[in-house]
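With chain D held as given, fit chain Y onto it using these hints.
Sequences listed follow chains D and Y, in order. Plus 8 on top of the position in the first sequence (first one is 1) and you've got my numbering. Plus 8 on top of the position in the second sequence (first one is 1) and you've got my numbering.
Incorrect hints may have been included.
A pair counts as met if it fits within one copy or between any two copies, since identical chains are not told apart.
[To be verified] List of simulated lysine-lysine pairs, DSS-like, C-alpha gap at most 27 Å:
#1 Lys400 with Lys423
#2 Lys298 with Lys127
#3 Lys298 with Lys363
#4 Lys196 with Lys270
#5 Lys62 with Lys196
#6 Lys270 with Lys393
Treat the hints as calculated values from the structure; they're not laboratory data.
For reference, the chains in residue letters:
2 protein chains.
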Amino acid sequence: MVDIASRVHNHNWKIDPIIRSLIDTDFYKLLMCQSIFRNRPDTRVTFSLINRSKDVRLAELVDEGELREQLDHVRSLSLTRGESTWMRGNTFYGKRQMFRPDFMEWFENLRLPPYVLEKRDGQYELTFEGAWPEVMLWEIPALAILMELRSRAVLQTMGKFELEVLYARAMTRVWDKVQRLRKIPGLKIADFGTRRRHSFLWQDWCVQAMTEGLGDAFIGTSNCRIAMRRDLEAVGTNAHELPMVFAALAETDEELAQAPYKVLADWHEEHDGNLRIILPDTYGTEGFLKRAPDWLAGWTGIRIDSGDPASAAEVAIRWWQERGEDPRQKLVIFSDGLDVENIEELHAQFAGRVKASFGWGTLLTNDFRGLAPGDSLAPFSLVCKAVSANGKPTVKLSDNPMKAMGPAAEVARYKRVFGVGEQAAMEVVV
Amino acid sequence: MVDIASRVHNHNWKIDPIIRSLIDTDFYKLLMCQSIFRNRPDTRVTFSLINRSKDVRLAELVDEGELREQLDHVRSLSLTRGESTWMRGNTFYGKRQMFRPDFMEWFENLRLPPYVLEKRDGQYELTFEGAWPEVMLWEIPALAILMELRSRAVLQTMGKFELEVLYARAMTRVWDKVQRLRKIPGLKIADFGTRRRHSFLWQDWCVQAMTEGLGDAFIGTSNCRIAMRRDLEAVGTNAHELPMVFAALAETDEELAQAPYKVLADWHEEHDGNLRIILPDTYGTEGFLKRAPDWLAGWTGIRIDSGDPASAAEVAIRWWQERGEDPRQKLVIFSDGLDVENIEELHAQFAGRVKASFGWGTLLTNDFRGLAPGDSLAPFSLVCKAVSANGKPTVKLSDNPMKAMGPAAEVARYKRVFGVGEQAAMEVVV
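Extracted from the complex, chain D is given alone in its bound form:
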């Protein structure tokens, strides 16, 4: 029987929205947002979309009108009652009322600020300007929208059976990966794939596949909407934008050198346990750890997001030992460019020596490599970063020069201040 009402209802959509909820975003954005709302509410920032994969000419693939429709739709969203109830009532990292009433009240009334969209050399220049706690919430929706519009642009060219077989192949691939991961004893792995997912529905399918296939080894998803919908743990801690903005606001080199620790001091005060995770690579892991105060060594763990993950983890282990900490009690979260092969390798090398855990991103939720003609659905490296704070440019060095950003002069200054020398360049896949 045909459900006429459903069909009419579906035809009533003016657009098929990619982002249908303000919490279709990464959990750590909300945690950071609350922290910023509390500590730096008036900081003016600019976030900007950067496509590191120049060969993917987004402005030629994606129609500007459709992009604007999707972005405008996000601006029409506000937190629903059910979403607010979930954030207020749910337990995150074993803690109740992770989100304080004053923040929730502000968030319930929030609409995302305007965007500025321009085209240049086949790319979109998409920027967001305004108060940090508002603008920063654009990052994930902006990325997810462009990723999915690019997918849709390619999928439009395919017939019914090509599509059916495309997803058949993609499902087979994800499930084969899950079957391999299943064989790793004591694995802990989470979905970090929101920002560069093939599509929302596809991420949701991948998360269900992980749930069904991995059981307890699957510890949650960074996507709040999916965590709420599928009754899973929402996971994530903090990101580069915190030290980057704090550093940009520094008046002197001395303040700059202290900025990355200052921001973590706020975090230290706000969070404990598994939320105390160091992200050390913003201005070079080695130097960051060398100059770190002892209270940081007491934190629960570290997240490794650039450079060679194995050597970065070894550096962390040595550091903990030097500071009289027991690495076996420490959490090491790998979250950069993961796929089954390196997950297996890293787990083999570090399981038992530390509490290893994995935040699996793009190659979980967007591994369409080789599945479409001309590899036109392969994931690409799109980021949305804070590029300035109160008018001053931000800088990121990371442990991989290919991931560095900021004006050359500032990059040089940061390298001097943080004592970063030669770095090994590694290709950025996703």
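Relative to chain D, chain Y alone:
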């Protein structure tokens, strides 16, 4: 929105019927049925199910109660008005009113006769006894029911994602085959996969994939219900049961030797054009052609259903040349154990020399090899044959001794009468 009515409706099914229509059968069964209805309506025959794959212990896999429910459901079916309209009004092989009014009237009132079901050594013994035109219509439903109940028995043990991925893999495999076939210039291929399909819905999907992927190279399906539903050509001509039963009825060796030609004489009178297709292997292709009357050499083509297809086709080509016929004007239909590899080879060897065409069966509609644990969904060799006529046993020799059937003494007699010597044994895959 949930379509409550649909859900309730679906829950109202007492069983999920495998066969939902009397024309969910091969077109050639209906053609032969009409011919038998006209020429041998009173012949009493016994059809019997034979599982050549002894390792597949059907009686242990398939519940007897479920099997009886499915068989009983077939007995409750009668031709619907729409089906009757299609058979009466449609054009088959370019001819209107292929089915004569007297036959249609009989068919519209037909219910299938009773069955006898017993278990022995882990197998089902399923037999049908009665008037030839009625009993012969059990063949395809009986096979399709047992094949699908076996599939269901295995699928019941699998979880949601295993199932999703199973079909994802199977779809990918079929579509990859279609993509390869697409590259063969001038290919003509039809679906002959009803009897040993994985399931009805799966055959229907495979037929749609062939339609979508091959265009004009896909010339139709042997399944009348799917042909009607998908607006495709229904194809097929005649089968071994005709010479087998006619031979069994022969009183003397002389009559026996003539039986295979006698039955085709009836066919010659009833049909012309592309329906005049010789099936020469029932008692050995070589001898059959050698002793064939010249009017048979005038027929449109030949169907090769056992033995080595390439050498059988060469035999036919030489035979036509000896009889002064032009092989390039003749149709050669390959229908035994086909898959993409041998379709490619046979087409390369015979395209241009004859009008080559392919009836693709089990490895189109049931290639689940290697897709389930223990290869428990691999197709197997199940047949349902006329084993006796008016109390006398039937015999089949074919060009492959592995496909021979009948009592040893009778087989020996037939070999003598038809001058069949040593035969090369070939493994029967499906």
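Exercise for review: Kindly indicate which numbered hints from before are broken by the structure, ordering the numbers from low to high.
Suggested key: The structure conflicts with hints 2, 4 and 5, although it agrees with all the remaining ones.
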